[in-house]
Amino acid sequence: MKSIYRLFTGLFTVTLLHAGVHVVDVDDLIELALTHSPDIDSSRFDFEAAKARAKYAEGFYLPRIDLSAEAGEQESKMIEHSTQNVDLFTGTIAASQLLYDFGKTSGIVGRSREETLALKAKMQQTVSDKIFKIKKLYYEILKSRRIIEVQKKSVALQRQQLYRAQRYLKAGIRTIIDVTDAKVRLAQAQLDLKNARYALQTRRAELEEEIGVIPHDGHYRLYTPQLPLPHISDNLPKLQHPLEWYERFAYTHRYLLVSLKRYTESAKFAVESVEGEYYPTLSLEGIYTKQHVDEDVREITPTDQGTLALQMRWNIFGGYQTAAKMEEAKVGVLKAASQTKRIKLAITREVTESYIAIRRAEESIKLSERISISSKKKLEQAQRRYENDLGDYIQLQEAQQGYIQALSNLVNDYYDYFIALAQLDHAAGR
Numbered sequence: 004m005k006s007i008y009r010l011f012t013g014l015f016t017v018t019l020l021h022a023g024v025h026v027v028d029v030d031d032l033i034e035l036a037l038t039h040s041p042d043i044d045s046s047r048f049d050f051e052a053a054k055a056r057a058k059y060a061e062g063f064y065l066p067r068i069d070l071s072a073e074a075g076e077q078e079s080k081m082i083e084h085s086t087q088n089v090d091l092f093t094g095t096i097a098a099s100q101l102l103y104d105f106g107k108t109s110g111i112v113g114r115s116r117e118e119t120l121a122l123k124a125k126m127q128q129t130v131s132d133k134i135f136k137i138k139k140l141y142y143e144i145l146k147s148r149r150i151i152e153v154q155k156k157s158v159a160l161q162r163q164q165l166y167r168a169q170r171y172l173k174a175g176i177r178t179i180i181d182v183t184d185a186k187v188r189l190a191q192a193q194l195d196l197k198n199a200r201y202a203l204q205t206r207r208a209e210l211e212e213e214i215g216v217i218p219h220d221g222h223y224r225l226y227t228p229q230l231p232l233p234h235i236s237d238n239l240p241k242l243q244h245p246l247e248w249y250e251r252f253a254y255t256h257r258y259l260l261v262s263l264k265r266y267t268e269s270a271k272f273a274v275e276s277v278e279g280e281y282y283p284t285l286s287l288e289g290i291y292t293k294q295h296v297d298e299d300v301r302e303i304t305p306t307d308q309g310t311l312a313l314q315m316r317w318n319i320f321g322g323y324q325t326a327a328k329m330e331e332a333k334v335g336v337l338k339a340a341s342q343t344k345r346i347k348l349a350i351t352r353e354v355t356e357s358y359i360a361i362r363r364a365e366e367s368i369k370l371s372e373r374i375s376i377s378s379k380k381k382l383e384q385a386q387r388r389y390e391n392d393l394g395d396y397i398q399l400q401e402a403q404q405g406y407i408q409a410l411s412n413l414v415n416d417y418y419d420y421f422i423a424l425a426q427l428d429h430a431a432g433r
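For reference, each letter of the sequence shown is one residue, going 4 to 433 in our numbering.
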């Protein structure tokens, strides 16, 4: 049977391709989203900007070289001499090298590097979030398709019932109220079918929005695995680990925690940088100037001069600004640590909720499966009783509604199970 199903699926796919329709699965959708999603692009741009800022900060370690030139006329007037106008051309090259500043520069550089790593982890978390959203919408669309199939069964049942009621009315076996009620229920079933189709279109639009592009210009169809209702519980994927394993895995691999850890380290480097402002900055500076002057003033104006000096800059008092910045930096460390604790608790809750949702969905599937099988038997019995005038119309309609509701619940539970699996992987950072 599996070989026949694969053959049928292959032939169906080839037919769609020849018809200009591309069959895409969830991996194809994820690949498209990673390429076209504006959310991922935005997070990647933030990461690239952070890398540039880190490179800029590292430049404080390197020597600074400045070249300047001046050309013009200099006017000199002395008390006992007449005024002189001298043509000047001056070129100056200045160089400075930071020697030591008690952590100001290393703090700035460390902070920039940690922020870069934090934004990298944030970008990876955005990718993880996007993958989960794509998976969730994919399964929501598959669910909507199956609900449409269930609603089609409901319409077919109501049509059969309307035909049966009209035939019995004509034979004088049933009353006109059975026909009227059958028409109302058929109209309601047709409305439910239309609403299910509208829901499918909405889910598809949401999926395309998350991807960031319409796949194949709209000429695509989602790959839909076979779902042999109502017998679907035997091939469910099972959880491989206990709840505690997923929690430990999340604490190590969840990108959001990695990002917060980096932000915490960045805040610590900010404290180090501000603390260095209480101490002096030592640097080595050199200046060389060459001038071209007129012959009349060459004896009193140097043509070459240079300076090499060890310089110290120390801000003794800055209006309490350094103290205020230090207080702000320390608060930043406490805030980052508090956010980390809060996110850890949130991740624990997400992992636990997802794990429980999987267990609950698995149990619901098995129960809904049994209910669906029993509801189908009950419907068949109610139809025979109604045809043999042993049961009334209300019993038949209750059996029909129970059967359709049981199938709908089974479909919802089945795809909720896969959504819960995807949510667990996302919560654990897998």
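Note that these hints are calculated values from the structure, not bench results.
Wrong hints could be hidden among the right ones.
For each label pair, taking beta carbons as the anchor points, the in silico distance ranges come out as [as the list claims (entries may be wrong)]:
#: 1; residue 1: 54; residue 2: 197; range: 50 to 60 Å
#: 2; residue 1: 205; residue 2: 401; range: 30 to 40 Å
#: 3; residue 1: 362; residue 2: 204; range: 27 to 37 Å
Since this is a predicted model, take the numbers as computed values, not measurements.
All C-beta atoms in this analysis are idealised placements derived from N, C-alpha and C, irrespective of residue type, glycine included.
Verification of the supplied hints:
1. For the hinted restraint 50 to 60 Å between residue 54 and residue 197, the CB-CB distance of approximately 52 Å keeps it satisfied.
2. Checked against the hint of 30 to 40 Å, the C-beta distance between residue 205 and residue 401 comes to roughly 31 Å, which is consistent with it.
3. The beta-carbon spacing between residue 362 and residue 204, approximately 33 Å, falls within the hinted interval of 27 to 37 Å.
In terms of the numbered hints stated before, the structure departs from none.
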